[in-house]
Structures are given as C-alpha cells and as structure tokens.
Amino acid sequence: MSRIWVGFSAVLMLLIAACGGGEDIEVSDVWGRPSPAAASNGAFYMVISNNADGVDHLVGAASEACGFTELHESKMSDGVMSMSPVGPAGIEVPAGGEAVLEVGGLHVMCIDKQADFVEGDSYEITLEFDNAGEVIVEAEIREG
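Take 1 as the starting number for the sequence shown in our numbering and just add one per residue.
Calculated directly from the structure, the hints in this document are not laboratory data. One or more of the hints may lead you astray.
Listed below are the simulated DMTMM-like cross-link pairs for lysine to aspartate or glutamate, each with C-alpha atoms no more than 25 Å apart in a straight line [what the hints assert, rightly or not]: (1) K113 with E73; (2) K113 with E138; (3) K113 with E124; (4) K113 with E102; (5) K75 with E23; (6) K75 with E98; (7) K113 with D53; (8) K113 with E143; (9) K113 with E140; (10) K75 with D24; (11) K75 with D112; (12) K75 with E143; (13) K113 with E128; (14) K113 with E134; (15) K75 with D53; (16) K113 with D29; (17) K113 with E64; (18) K113 with D78.
Required output: the full structure, derived from the provided sequences and hints.
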C-alpha cells in the first residue's frame with residue numbers, strides 16, 4: 001500500500017510542477033489613461049518581466065473594455081509620430097529581462113472602447129504569451 005502512495009505522490013508532484021509556468025511571467029504597473037466617452041480608442045501600458053531561461057513573446061490581449069485589441073508600437077520618424085501593429089511574432093520579452101510598454105512606444109491598443117476610461121476605474125486584461133500562456137492582469141485608469 002505504501003508503494004501506491006509513494007507513486008501517487010510522485011505523480012502529483014510532477015503535475016503540480018508542470019502547472020507552475022505562469023510564474024515565469026510577471027506583469028506590473030498596468031494602467032491606461034483616462035479618456036472621454038467620445039474617444040473610441042485607448043491604450044494600456046505595463047512592465048512585463050520574464051523570469052524564465054528562454055525568451056517569450058506577448059502575442060495577444062483581450063479585454064471586455066475593448067471591442068478588440070492589437071499590440072502596437074509608436075515611433076517618431078522625421079519629426080512625425082506614427083503608430084502601427086507589431087508583427088505576428090508579437091512583443092519579445094527576453095529571458096531574464098523585461099519588455100516595457102509605455103507611452104510613445106509599445107502598448108496594447110484598445111480599439112472600439114466599450115467603457116469610459118474614468119480615473120480610478122480598472123479593467124481586466126487577458127494577456128496571451130507564446131510560452132507562459134494566459135496571464136490575467138488588472139489595469140488601473142490613471143494619469144501617467
């Protein structure tokens with residue numbers, strides 16, 4: 001009987017260890033700017049830390065506050081700011097490093113806002129990573 005318990009315990013520990021991948025990605029300082037009801041779009045910013053030994057990529061995001069989302073990058077070129085979606089590989093989060101999504105750079109674009117972005121409110125965002133899978137975060141609406 002004790003061999004059964006030892007075997008069961010070993011299998012259980014392996015299953016628990018296999019489920020621990022979400023700890024590799026940590027997301028902090030998640031926020032969005034307040035915007036008037038008339039503004040149809042908004043953006044979310046954050047810092048994504050990768051504690052894993054390998055690179056990961058943020059490949060998508062979703063929020064009920066948005067009709068849909070896209071991963072975007074703003075760039076200044078010849079004195080003109082432009083914004084475009086990132087490529088299909090998404091946003092790289094280097095092993096042991098971080099990706100900073102910030103005003104004037106990388107961000108999660110909230111297209112066709114379904115809610116007013118009022119200071120003090122917060123909205124859930126589901127982030128999708130190649131390796132870590134889904135990570136759910138809460139974005140606070142505040143001034144930068």
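Status of the hints after comparison with the structure:
1. K113 with E73: holds (19 Å)
2. K113 with E138: holds (16 Å)
3. K113 with E124: Holds, because 13 Å separates the two Cα atoms, which is no more than 25 Å.
4. K113 with E102: Distance ~19 Å between K113 and E102 Cα, so the pair holds.
5. K75 with E23: violated (31 Å)
6. K75 with E98: holds (19 Å)
7. K113 with D53: violated (36 Å)
8. K113 with E143: Holds, at about 18 Å.
9. K113 with E140: holds (15 Å)
10. K75 with D24: violated (29 Å)
11. K75 with D112: holds (22 Å)
12. K75 with E143: Within the cut-off at roughly 21 Å; holds.
13. K113 with E128: holds (20 Å)
14. K113 with E134: holds (22 Å)
15. K75 with D53: violated (30 Å)
16. K113 with D29: Holds, at about 21 Å.
17. K113 with E64: Within the cut-off at roughly 9 Å; holds.
18. K113 with D78: Judged against 25 Å, a Cα distance of about 31 Å means the pair is violated.
Of the numbered hints listed earlier, those contradicted by the structure are 5, 7, 10, 15, 18.
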